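K.L.:
Sequence:
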Amino acid sequence: MTITVAGEKKEYKDGLTLPELIELENVETPQYVTVSINDEFVLTENRDTTVLNEGDSVEFLYFMGGGC
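For the record, in the sequence shown the residue sitting at position 26 is 25 according to numbering that gives the first Met the number 0, with numbers rising by one throughout.
Read the hints as simulated data drawn from the structure, not as lab findings. Quick caveat: nothing in here was measured; it's all calculated off a predicted structure. Misleading hints may appear alongside valid ones.
[Unchecked claim] Computed Cβ-Cβ distance ranges for the label pairs, DEER-style: (1) T1 / G64: 32 to 38 Å; (2) T1 / M63: 28 to 34 Å; (3) G65 / L23: 26 to 32 Å; (4) V32 / T1: 21 to 27 Å; (5) N52 / E22: 14 to 20 Å; (6) F62 / M0: 16 to 22 Å; (7) M63 / D13: 30 to 36 Å.
[To be verified] In silico lysine to aspartate or glutamate, EDC-like type, Cα no more than 20 Å apart, as pairs: (8) K9 / D38; (9) K8 / E44; (10) K8 / E22; (11) K8 / E58; (12) K12 / E44; (13) K12 / D47; (14) K8 / E24; (15) K9 / E44.
Here a beta-carbon is modelled for each residue, glycine too, at the ideal position from N, C-alpha and C.
Use the sequences and the hints to build the structure in full.
P.N.:
Take a look at the structure:
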């Protein structure tokens with residue numbers, strides 16, 4: 000199946016789960032990344048059971064703090 004990851008179309012096996020994608024994409028500090036699929040945030044409690052579908056668009060978001 001084809002999904003878009005961080006703006007890039009990629010081919011993956013059917014039935015790919017979100018945890019598998021995170022591993023395949025070598026996401027840094029996966030415990031701190033927020034994931035959106037088709038512009039909808041994935042709740043932490045749904046992360047392990049989320050299955051990706053043909054045409055999905057996935058973004059990995061890192062929130063950073065800072066300031067003076």
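K.L.:
Take a quick look at whether K12 and D47 sit within 20 Å of each other, Cα to Cα.
P.N.:
Given pair K12, D47 holds - Cα atoms ~17 Å apart, limit 20 Å.
K.L.:
Quick one, are K8 and E58 close enough, alpha carbons at most 20 Å?
P.N.:
12 Å, holds
K.L.:
Okay, N52 versus E22 on CB: inside 14 to 20 Å?
P.N.:
About 19 Å separates the Cβ atoms of N52 and E22, which means 14 to 20 Å holds.
K.L.:
Please verify whether K8 and E24 have alpha carbons no more than 20 Å apart.
P.N.:
Distance ~13 Å between K8 and E24 Cα, so the pair holds.
K.L.:
Between the alpha carbons of K9 and D38, is the straight-line distance 20 Å or under?
P.N.:
18 Å, holds
K.L.:
Falls inside 30 to 36 Å, the C-beta gap from M63 to D13?
P.N.:
35 Å, holds
K.L.:
Per the hint of 28 to 34 Å, is the separation of the Cβ atoms of T1 and M63 within bounds?
P.N.:
With Cβ atoms ~31 Å apart, the hint holds.
K.L.:
Can the restraint linking K8 and E44 be considered satisfied, given a maximum Cα separation of 20 Å?
P.N.:
27 Å, violated
K.L.:
In this structure, is the beta-carbon distance linking G65 and L23 contained in 26 to 32 Å?
P.N.:
For L23 against G65, whose Cβ atoms are near 30 Å apart, the range 26 to 32 Å holds.
K.L.:
With 32 to 38 Å as the target window, see if T1 and G64 comply at their CB atoms.
P.N.:
35 Å, holds
K.L.:
Check the following: the C-beta atoms of V32 and T1 are separated by a distance inside 21 to 27 Å.
P.N.:
Since V32 and T1 have Cβ atoms about 22 Å apart, the given range 21 to 27 Å holds.
K.L.:
Assess, step by step, whether the Cα of K12 is no farther than 20 Å from the Cα of E44, and give holds or violated.
P.N.:
Violated. K12 to E44 sits at ~24 Å, over the 20 Å cutoff.
Hints 6, 9, 12 and 15 from the earlier list are contradicted by this structure; the remaining hints agree with it.
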